[in-house]
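**Student:** Chains as they are written, first to last, in my numbering: chain A, 1 to 198; chain B, 1001 to 1338.
What the hints contain is simulated information worked out from the structure, not anything from laboratory work. Every residue, glycine too, gets a C-beta built ideally from N, C-alpha and C. Hints are supplied without guarantee of correctness; some may be wrong.
[To be verified] Capping the alpha-carbon separation at 30 Å, the derived lysine-lysine pairs in DSSO-like fashion look like this: (1) A:LYS147 with A:LYS84; (2) B:LYS1055 with A:LYS45; (3) B:LYS1154 with A:LYS84; (4) A:LYS137 with A:LYS115; (5) A:LYS24 with B:LYS1055; (6) B:LYS1154 with A:LYS115; (7) B:LYS1055 with A:LYS115; (8) A:LYS45 with B:LYS1054; (9) A:LYS84 with A:LYS24; (10) A:LYS147 with A:LYS115; (11) A:LYS173 with B:LYS1055; (12) A:LYS115 with A:LYS24; (13) A:LYS45 with A:LYS147; (14) B:LYS1326 with A:LYS173; (15) B:LYS1210 with B:LYS1313; (16) A:LYS137 with B:LYS1154; (17) B:LYS1055 with A:LYS158.
[Unchecked claim] Partial list, derived from the structure: chain A residues whose beta carbon lies under 7 Å from chain B: (18) ARG37; (19) ASP43; (20) TYR95.
[Claimed, not checked] Here are the computed distance ranges between Cβ atoms for each label pair: (21) A:PRO105 with B:THR1168: 13 to 23 Å; (22) A:ILE171 with B:GLY1096: 31 to 41 Å; (23) A:PRO128 with B:GLY1091: 54 to 64 Å; (24) A:ASP77 with B:ALA1080: 37 to 47 Å.
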Amino acid sequence: MARMKFLCDADRCIECNACVTACKNEHDVPWGINRRRVVTINDGKPGERSVSMACMHCTDAPCAAVCPVDCFYTTADAVVLHSKDLCIGCGYCFYACPFGAPQYPRVGNFGSRGKMDKCTFCAAGPEPDSTEIEYAKYGANRLAEGKLPLCAEMCSTKSLLAGDGEIIAAIYKERVTQRGYGSGAWGWQTAYRETVDV
Amino acid sequence: MRICALGRLIAPAIAALILAFGLFVAPAGAQEGTSGSNPTAQAVNEQQLLNELKKIEGRVTIPNTSAGLLQQPQGRDYRAFHEGALPWIGGIVIIGMLLVLALFYFIRGRIRTLAGESGIKILRFNTIERLAHWTTAAAFIVLAITGLNFIFGKRLLMPLIGPDAFSTWSIWAKYAHDFVSWAFMLGVLVMLVAWIWDNLPDRYDINWLKTGGGLFDRSNRTHPPAGRFNTGQKLIFWTVVLGGIALSVSGIFMLFPFAFTDVNGMQTAQYFHATIGVILIGVIIAHIYIGTLGMEGAYEAMGSGTVDLNWAKEHHSAWVEAQQAKSRGPHAAAEPAE
């Protein structure tokens, strides 16, 4: 089985936000929720870099560990998913997530956040694959159709890579070798306790 | 037509010229590139940012500006606390307190009133005081159970009732915790105002502490004099008031998430809230023990509001004397416990 990962090649990201738009459109994500976002570091200064970030589907995910109702599960492809039926909207996963991935439909005063929503690696949720109810709760299930996440597929500069960790790491390594530089696989050390050696 | 044909002839020639010029210029540019700027020389570096700033922040173009926080590895510490330290602290405090109390009961037994009941009752807590106490007490029990559910629920209750029922219960527990908290906060404030004066240190405290309040005298003959509240009760009072205020403040941070602080502040609020919460639960278990099973005649003080005169003389001699002096005095109107 593949071990699915995201890798954002920050030296290629042009902050076009197509990944963000593609994600919102593909999954019909409600207003106010961003499963993916592009963060620009040192904006406007020399050495500025943009990184597209969503749930990294961590190894030994902290969100799953702190969830008081154990609503998270990891698929055979190592994608971290959750059940909106079990989620109680406590917000703990957001406090534990190193990447700010969990999102909530409402601000959350008096515990009224609503059910958590996050990137599913286009693998939706626990409902039967590619059903209407699954789409309504979690969005499209592209993985079940044999497709990879749309954000990476849409990426105009092919900065964002999604797929089996070993394959995308090899692609990135080859790029770095060829062009002679690379600022590394952002978030990998935190999410997977390993990085791409280049 | 002839012009077009001419164009067809000239266009490739121009293209060839541009290409030749380009080829001529390109090596110069490339040379400048290698000798001049490396495109990543000034680039931000993830590990360096994490080492220097502990987290990585940037700018986002979506309205939610807090999404600019790219990485906060502090989430790991939160997880370590929440799943590592906290269940242990909670378990040790609560089970430890139960064991200590069981041991105390086994050795010391129930603390009896030596002189037996006199049949004369005196007022110890008036209606407002009892209302404040029981509001706080009832709220605290709800808050303690629903709060412990966040730590131990998935470990103890979920395997018994299944994930669906446990999720439903936990949603209600969450709302109960969020709304009952206001009754607790109000109760703590009323108790603070009502009892702060009688809980200031007085001249009996040192002797009470020296004799351990007579708690450890198995013959039950040690009854150090005490005012309205003995030193042990004062310690309970200050623990509840200060702990309650700390719980209230950290709780309000969580009731209005991100209104006062960022994600790291929210984590800190939980560290305080959960740790103080489980410690206060342990203290209150001891309080409940000594107020009911542990001491004869203690429960009625807060139950009916009156206590037997002999009980009062044994446990709060200075208070009884003051009360009696007051009722003998010129203002003989029976004043409630003061």
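**Student:** Each of the hints needs a verdict: does it hold here or not?
**Tutor:** The hints, checked one at a time:
For a cut-off of 30 Å, the pair hint linking LYS147 of chain A to LYS84 of chain A stands: about 23 Å separates their Cα positions. Under the criterion of a C-alpha separation no larger than 30 Å, the hint pairing LYS1055 of chain B with LYS45 of chain A is consistent with the structure, at around 19 Å. Using a Cα cut-off of 30 Å, the hinted pair LYS1154 of chain B and LYS84 of chain A holds, with the two alpha carbons roughly 17 Å apart. This hinted pair checks out: LYS137 of chain A and LYS115 of chain A have alpha carbons roughly 10 Å apart, not beyond 30 Å.
For the proposed pair LYS24 of chain A and LYS1055 of chain B, the alpha carbon gap of about 27 Å is at most 30 Å, so the pair holds. The hinted pair formed by LYS1154 of chain B and LYS115 of chain A meets the criterion: a straight-line CA distance of about 18 Å does not exceed 30 Å. Restraint check for LYS1055 of chain B and LYS115 of chain A: satisfied, since their Cα atoms lie roughly 27 Å apart, inside the 30 Å limit. Restraint check for LYS45 of chain A and LYS1054 of chain B: the C-alpha separation of about 21 Å stays at or below 30 Å, so the hint holds.
As the CA atoms of LYS84 of chain A and LYS24 of chain A are separated by approximately 18 Å, the hinted pair is consistent with the 30 Å bound. This hinted pair checks out: LYS147 of chain A and LYS115 of chain A have alpha carbons roughly 26 Å apart, not beyond 30 Å. Between LYS173 of chain A and LYS1055 of chain B the CA atoms are separated by roughly 26 Å; this keeps the pair inside 30 Å, and the hint holds. At roughly 17 Å between alpha-carbon atoms, LYS115 of chain A and LYS24 of chain A fall within 30 Å of each other, so this suggested pair holds.
For the hint pairing LYS45 of chain A with LYS147 of chain A, the CA-to-CA distance comes to about 37 Å; that exceeds 30 Å, so the pair is violated. Distance check on the hinted pair: LYS1326 of chain B and LYS173 of chain A sit about 89 Å apart at the alpha-carbon level, beyond 30 Å; violated. With a CA separation close to 20 Å, the supplied pair LYS1210 of chain B and LYS1313 of chain B stays within the 30 Å bound. For the hint linking LYS137 of chain A to LYS1154 of chain B, the alpha-carbon distance of about 24 Å falls within 30 Å, and the restraint holds.
The straight-line distance between the Cα atoms of LYS1055 of chain B and LYS158 of chain A is roughly 26 Å, inside the 30 Å bound, and the hint therefore holds. With a cut of 7 Å, the hint placing ARG37 of chain A at the interface with chain B holds, because the nearest CB-to-CB distance is about 5 Å. Proximity of ASP43 of chain A to chain B holds as hinted, the smallest CB-CB distance being about 5 Å (cut-off 7 Å). Of the supplied interface hints, the one on TYR95 of chain A holds, with its beta-carbon coming within about 5 Å of a beta-carbon of chain B, less than 7 Å.
Look at PRO105 of chain A against THR1168 of chain B: about 19 Å separates their beta carbons, and that is inside 13 to 23 Å. A C-beta distance of roughly 55 Å is found between ILE171 of chain A and GLY1096 of chain B, which places it outside the suggested range of 31 to 41 Å. For the hinted restraint 54 to 64 Å between PRO128 of chain A and GLY1091 of chain B, the CB-CB distance of approximately 40 Å leaves it violated. Between ASP77 of chain A and ALA1080 of chain B the C-beta distance comes to about 27 Å, which lies outside the given range of 37 to 47 Å.
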